[in-house]
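Trainee: The chain contents come next:
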Amino acid sequence: MADEASIDPAHDTGEGVRRRDFINIAAVSFAGVGGLAALVPLISQMSASADVLAESSTELDISAIQPGQAIKAVFRKQPVFVRNLTPAEIAEAGKVDPGSLRDPQTLEERTKEGKTNWLITMGVCTHLGCVPLGAGEGEVKGEFGGYFCPCHGSSYDTAARIRKGPAPKNLEVPPYEFTSDTVVKIG
Amino acid sequence: MSFPWANEYKPSHPLMQWLDEKLPLPRFVYNAVGAGYPVPRNLNYMWNFGILAGVCLMIQIVTGVVLAMHYAANAGVAFDSVEHIMRDVNWGWMLRYAHANGASAFFVVVYIHIFRGFFYSSYKAPREMIWLLGVTIFLLMMATAFMGYVLPWGQMSFWGAKVITGLFGAIPLVGEPLQQWLLGGFAPDNAALNRFFSLHFLLPFVILGVVILHIWALHIPGSSNPTGVEVKTESDTVPFHPYYTAKDGFGLGVFLLGYCAVLFFAPNMLGHPDNYIAANPLSTPAHIVPEWYFWPFYAILRAFTADFFIIPAKLMGVLAMFSAILCWFFLPWLDTSPVRSGHYRPLFRKFFYVLLVDVLVLGYCGGAPAAEPYVMISQIAATYYFLHFLVILPIVSSIEKPAPLPFSITEAVLGKDEGAVLTSNPAAA
Chain W
128 MADEASIDPA HDTGEGVRRR DFINIAAVSF AGVGGLAALV PLISQMSASA
178 DVLAESSTEL DISAIQPGQA IKAVFRKQPV FVRNLTPAEI AEAGKVDPGS
228 LRDPQTLEER TKEGKTNWLI TMGVCTHLGC VPLGAGEGEV KGEFGGYFCP
278 CHGSSYDTAA RIRKGPAPKN LEVPPYEFTS DTVVKIG
Chain H
32 MSFPWANEYK PSHPLMQWLD EKLPLPRFVY NAVGAGYPVP RNLNYMWNFG
82 ILAGVCLMIQ IVTGVVLAMH YAANAGVAFD SVEHIMRDVN WGWMLRYAHA
132 NGASAFFVVV YIHIFRGFFY SSYKAPREMI WLLGVTIFLL MMATAFMGYV
182 LPWGQMSFWG AKVITGLFGA IPLVGEPLQQ WLLGGFAPDN AALNRFFSLH
232 FLLPFVILGV VILHIWALHI PGSSNPTGVE VKTESDTVPF HPYYTAKDGF
282 GLGVFLLGYC AVLFFAPNML GHPDNYIAAN PLSTPAHIVP EWYFWPFYAI
332 LRAFTADFFI IPAKLMGVLA MFSAILCWFF LPWLDTSPVR SGHYRPLFRK
382 FFYVLLVDVL VLGYCGGAPA AEPYVMISQI AATYYFLHFL VILPIVSSIE
432 KPAPLPFSIT EAVLGKDEGA VLTSNPAAA
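Chains as they are written, first to last, in this note's numbering: chain W, 128 to 314; chain H, 32 to 460.
Just so you know, these hints were derived from the structure itself, not from any lab.
Even glycine gets a Cβ: it sits at the ideal position worked out from N, Cα and C.
Some hints could be false.
Claimed, not checked - Derived DEER-like restraints, expressed as beta-carbon distance ranges: (1) Gly-221/W - Phe-236/H: 58 to 64 Å; (2) Pro-425/H - Gly-159/W: 40 to 46 Å; (3) Gly-159/W - Ser-354/H: 42 to 48 Å; (4) Ser-354/H - Val-167/W: 53 to 59 Å; (5) Leu-391/H - Thr-309/W: 53 to 59 Å; (6) Glu-403/H - Glu-240/W: 40 to 46 Å.
With the hints as extra help, turn the sequences into a complete structure.
Mentor: Below, the structure written as structure tokens:
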């Protein structure tokens, strides 16, 4: 290094930019950018793969669900609840002032127009992801008549809105559409 | 790195002399855990648990590598492959029980090791780095144990994975994408199981690496001791071998008796029957609990039931749970008392035992259902937990009048130290 310094006057005085500095910065930057670029596939491989994403829409025939009944289906490997609300349950949901709720929403906002009786939500508690009870025949529906999560005691009402317990949000309404009067496509 | 009076490695056999010149590995071992490492002469049985933790890590790695030869990390067959290990593989039942209960044994030993550190303030200067590395090992152990518990793909495995990755969903904005990235899907499935298996195989070796750093950092100041008084002269120490190899050997025998008693006579005592039911994404078990060693932290997670200003209850619980361990990193600077050992700190000692009870209470609540009175008890105990580290410790350190310390380790052991007379009263000499 001593020889190098003596043939480069700028280095001796400690001032100025040497041509070698440019090569150093360029080489290290290039290696840095290359290294970062190599991280992209390493991180991205962890995300949902194409086959997992390909399964993410579900078609359901709902003609057999009587008022007051509900079914559990599978959407994105998670349970989804399809519930045919009774007029009493719809009235019950309408009685609550949305402003007083933790996650203010009306039943109308959570269902499709003209199909207010069809409440379609994920069966995934918004607290830590357990499956709430209340969709199956004879299951506990909690004190608000909707769903009850046994893990940490969250209670949902007849519009699947969070009313009590640690969950922060209402049960999520997945994207869905009615392809006919009796068939619904989720996702 | 060691005291000047440490024995020097002098190989007598020509082959060992040749090896010592080319690769001084025997010299390294001799200086690390042999006669070349002088250790305080007064260590009690609380100092056995570091070695025991090392033995547990070895048991886990050996049984784990063998289990991996028979296990299939695929959501379709994982549960069946574990049953295959239990029923068909020669000695498979013993290897799996040894691994499952080995994890519990590892945590028992490490919790005692950590509370030894709390009582004797082993984290204080000049041993902060040993402590920081130790907390890092504990965090890695928790991650490893969690992922290992998912592998049998039973009901508790599946719902444990769902709940714990659900914690990341509490993080604002990035939470949900992060959760899906961690799982490789919308719920735990094949992608998650495979990556957990890969990481569960990798992390123990990362732990082994950090353990080596932990021991390296330990050998710079040397081991602490029950008086907390630093080593002064050769009479304060004895060589690690044969004195502590013998003492640790005895402790290891006692430990193995307890471990084998559980392994052979109550192998499912610490497990959950629900995990012998194959994973079912559509049905949550009535009572989800993590393994016992996570209970105190699980209780802190669940203690937050109301929103805290703008922070939702769920996020608050997650933050508190992680902070409960992260605050240990600051311990060397929160406890400012110059006296190390709890034996000479009357006030600190009382609060130490209160903390011990507090953590046991949290542990009990963490394993109990999320109902009253457990939620309220968890809330009180969690509050006290943080008060202890963040408020009580600094205050106690500043107001406490410690008991008089012995002049040296030798004096503490023999009642008198010839060196003390010479040093403190030169006229008498």
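Trainee: Range hint 58 to 64 Å: satisfied by the CB atoms of Gly-221/W and Phe-236/H?
Mentor: holds, 60 Å
Trainee: Does 42 to 48 Å hold as the CB distance between Gly-159/W and Ser-354/H, or does it fail?
Mentor: Because 34 Å falls outside the window, the suggested range is violated.
Trainee: Using the Cβ atoms, figure out if Ser-354/H sits within 53 to 59 Å of Val-167/W.
Mentor: Given about 32 Å between the Cβ atoms, the range is violated.
Trainee: Could you see if the CB distance from Glu-403/H to Glu-240/W stays within 40 to 46 Å?
Mentor: holds, 42 Å
Trainee: Given the hint of 53 to 59 Å, check if Leu-391/H and Thr-309/W actually sit that far apart at their C-beta atoms.
Mentor: Distance hint for Leu-391/H, Thr-309/W holds at roughly 57 Å.
Trainee: Could one say that the CB atoms of Pro-425/H and Gly-159/W fall in the range 40 to 46 Å?
Mentor: With Cβ atoms ~42 Å apart, the hint holds.
Consistency note: the structure conflicts with the earlier hints numbered 3 and 4.
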